Amino acid sequence: MTSEIFAVDPLVLFTILAMAAGTYLTRIAGLVLTKFVTFSGRTEAALQAVPPAILMSVVAPTAFATGIAETAATAITAVAALRLPMLAAMTIGVVSVVVLRMALAVI
Amino acid sequence: MKSNQNKSAINAGPNEFFLGVTTFFPLVFAATPIGLLFGALAAQKGMSPLEVLLMGSFVFAGGSQFLALDLWADPLPWLTIAFSTFLINLRHVLMSASLAPKLGHWTPLQRYLGFFILADEVWALSEQRAMKQHTTFSFYLGVGLTLFITWQVATVAGSLIGAVMGDPSRYGLDFAFTALFICLVMGFWQGRKTGVVLAASGLAAVLTHKFVPGAWYIIAGAIAGVIAAAVQYDDNPNGLQKSAEALQ
Numbered sequence: 001m002t003s004e005i006f007a008v009d010p011l012v013l014f015t016i017l018a019m020a021a022g023t024y025l026t027r028i029a030g031l032v033l034t035k036f037v038t039f040s041g042r043t044e045a046a047l048q049a050v051p052p053a054i055l056m057s058v059v060a061p062t063a064f065a066t067g068i069a070e071t072a073a074t075a076i077t078a079v080a081a082l083r084l085p086m087l088a089a090m091t092i093g094v095v096s097v098v099v100l101r102m103a104l105a106v107i
Numbered sequence: 001m002k003s004n005q006n007k008s009a010i011n012a013g014p015n016e017f018f019l020g021v022t023t024f025f026p027l028v029f030a031a032t033p034i035g036l037l038f039g040a041l042a043a044q045k046g047m048s049p050l051e052v053l054l055m056g057s058f059v060f061a062g063g064s065q066f067l068a069l070d071l072w073a074d075p076l077p078w079l080t081i082a083f084s085t086f087l088i089n090l091r092h093v094l095m096s097a098s099l100a101p102k103l104g105h106w107t108p109l110q111r112y113l114g115f116f117i118l119a120d121e122v123w124a125l126s127e128q129r130a131m132k133q134h135t136t137f138s139f140y141l142g143v144g145l146t147l148f149i150t151w152q153v154a155t156v157a158g159s160l161i162g163a164v165m166g167d168p169s170r171y172g173l174d175f176a177f178t179a180l181f182i183c184l185v186m187g188f189w190q191g192r193k194t195g196v197v198l199a200a201s202g203l204a205a206v207l208t209h210k211f212v213p214g215a216w217y218i219i220a221g222a223i224a225g226v227i228a229a230a231v232q233y234d235d236n237p238n239g240l241q242k243s244a245e246a247l248q
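Chains as they are written, first to last, in this note's numbering: chain P, 1 to 107; chain Y, 1 to 248.
Think of the hints as simulated: they come from the structure by calculation, not from any bench. Please note: incorrect hints may appear among the correct ones.
[Said to hold, decoys possible] Here are the simulated lysine-lysine pairs, DSBU-like style, with alpha carbons at most 30 Å apart:
1. Y:LYS210 - Y:LYS193
2. Y:LYS102 - Y:LYS193
3. P:LYS35 - Y:LYS102
4. Y:LYS102 - Y:LYS132
5. Y:LYS210 - Y:LYS45
6. Y:LYS132 - P:LYS35
[As the list claims (entries may be wrong)] One-sided excerpt, in silico: chain Y residues whose CB lies under 7 Å from chain P:
7. VAL28
8. PHE29
9. ALA61
10. LEU94
11. VAL185
12. MET186
13. VAL206
14. GLY225
15. ALA230
[Stated by the list, open to error] Computed far set for chain P versus chain Y, every beta-carbon distance over 10 Å:
16. ILE68
17. LEU82
18. ALA103
19. LEU104
20. ALA105
21. VAL106
Computed from a prediction, not measured in an experiment: that's the story for all the values here. Note that the Cβ used here is the ideal one computed from N, Cα and C, for glycine as well.
The following block holds chain Y by itself, in its conformation from the complex:
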């Protein structure tokens, strides 16, 4: 009871929720074409709109959903699809481990339910928020639910109207996903050191993608970037900042 009062005072608040919604809002324009594209491709593979909705709601991870479509065949190779999904989503382990200490006062229930919708964009915006202050559950929910609803509406709409839309790459919409992620990456830009991290992870990812089948390139790139950051670590410049943080 007593801890509950404490937490709700920090976590609740429509302002934080609304801030989450507005922070996500520009991404609606990126997620919608990607969702339409996914729905259209899923329809071509013979998925019904309800099946598209079920996959979007339960899996809610765009990259692995596209990967699954890539592998979709008759008979359905469910084991290959499930394992590839697990592999491509292994990055979520790093993502949740990175975000978990920055959450502020979340209850265990909020953590375990909330992380069900920890998609790339939700996580990236929560991380950016955490650079200023702890990410509240309300903010997280504002970001997450906006993407969740956008994704389900767009994918189901895409599966219904996909046939008449034609080839989305004609309008450059296949690049929207890449452009979105580049913008998210640049949100973390802090100068030359970030450049070295990005160069290392980009190079490792490209090479691994070229020579190793499957989704290992994401793990390889992440590890290379992390190593680049560890090598560049310097005690002194961060020392002042560290002690300032410790005092808070």
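Just chain P, with the same shape it has in the complex:
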């Protein structure tokens, strides 16, 4: 049993290290880039939009193209997030997706 827990396949380890190298490269690329480029005015406004735009892109397929229950729960979570602490808004989102899925399954 212990040998199963600590088993490491060489090819799995190699794959993980290859994944890690690519990921670290993308994470430090911005540090290197900003040394050579300075931003101002419209460019700065554009860069300000990077955080919400990326987060939105990551969830958009799940939020808007999975089903009605997911889309409705996304809207509920978004409204809740404007008024409530993060943990409360998340709980409301998860509960509403369960309720909506059950309701839609009945219909």
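Given the structure of chain P, go ahead and fit chain Y onto it with the hints provided.
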């Protein structure tokens, strides 16, 4: 030496570290079910708990870890997995470029070591912090280490107990990741202009995801949002704020 004193005065301080930990704390409840889910799925694919721990520690990027599991097969398509990981994580280039100027006094070592754990949530909370003041290394570490430890504990636990947990979507936990990101997005809400940016990036991401295979939809959505913000840029309302910032 002399610059060192200066930096430590700004960067050190258990309060900033503790603030980072408490800022992240609500997200523990989102990251844990996602981590359990990842561990359970990884176990089904034949990964050992130690392999799960190694991937979590070295890669530490949930989205790409799930993507890798999706592609996991025998024989292991390591090149496809590595390239897909790189592609889905290309957004980190934008993220680190966006955060880098807001760091305050970090040493180069702090920058290059610290950014090893620049996961989505760590970055998002650091960006939100930067809306008020420079993000200190202590704050960043408080946020980052809390997620790092949560993620490793949850994924390894998930791989150990995953088999008995059953289907996580039964409890809506598959939606926890989406709910978490929606909350993070709304943290950046500043009115109608943000709405236009979100509509543009959301639409571009959905369409690209539908018609283009792979992780290009994240890049497409990011670019669309950035363009929407650039188009909406107006000199005058920001002018006052800008000069106020310049005076500081």
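For each hint, the structure was consulted:
no.	hint	result
1	Y:LYS210 - Y:LYS193	holds (26 Å)
2	Y:LYS102 - Y:LYS193	holds (22 Å)
3	P:LYS35 - Y:LYS102	holds (13 Å)
4	Y:LYS102 - Y:LYS132	holds (10 Å)
5	Y:LYS210 - Y:LYS45	holds (26 Å)
6	Y:LYS132 - P:LYS35	holds (23 Å)
7	VAL28	violated (9 Å)
8	PHE29	holds (6 Å)
9	ALA61	holds (5 Å)
10	LEU94	holds (5 Å)
11	VAL185	holds (5 Å)
12	MET186	holds (4 Å)
13	VAL206	holds (5 Å)
14	GLY225	holds (2 Å)
15	ALA230	holds (4 Å)
16	ILE68	holds (13 Å)
17	LEU82	violated (6 Å)
18	ALA103	holds (13 Å)
19	LEU104	holds (13 Å)
20	ALA105	holds (12 Å)
21	VAL106	holds (16 Å)
Of the hints listed earlier, those the structure fails to meet are numbers 7 and 17, in rising order.
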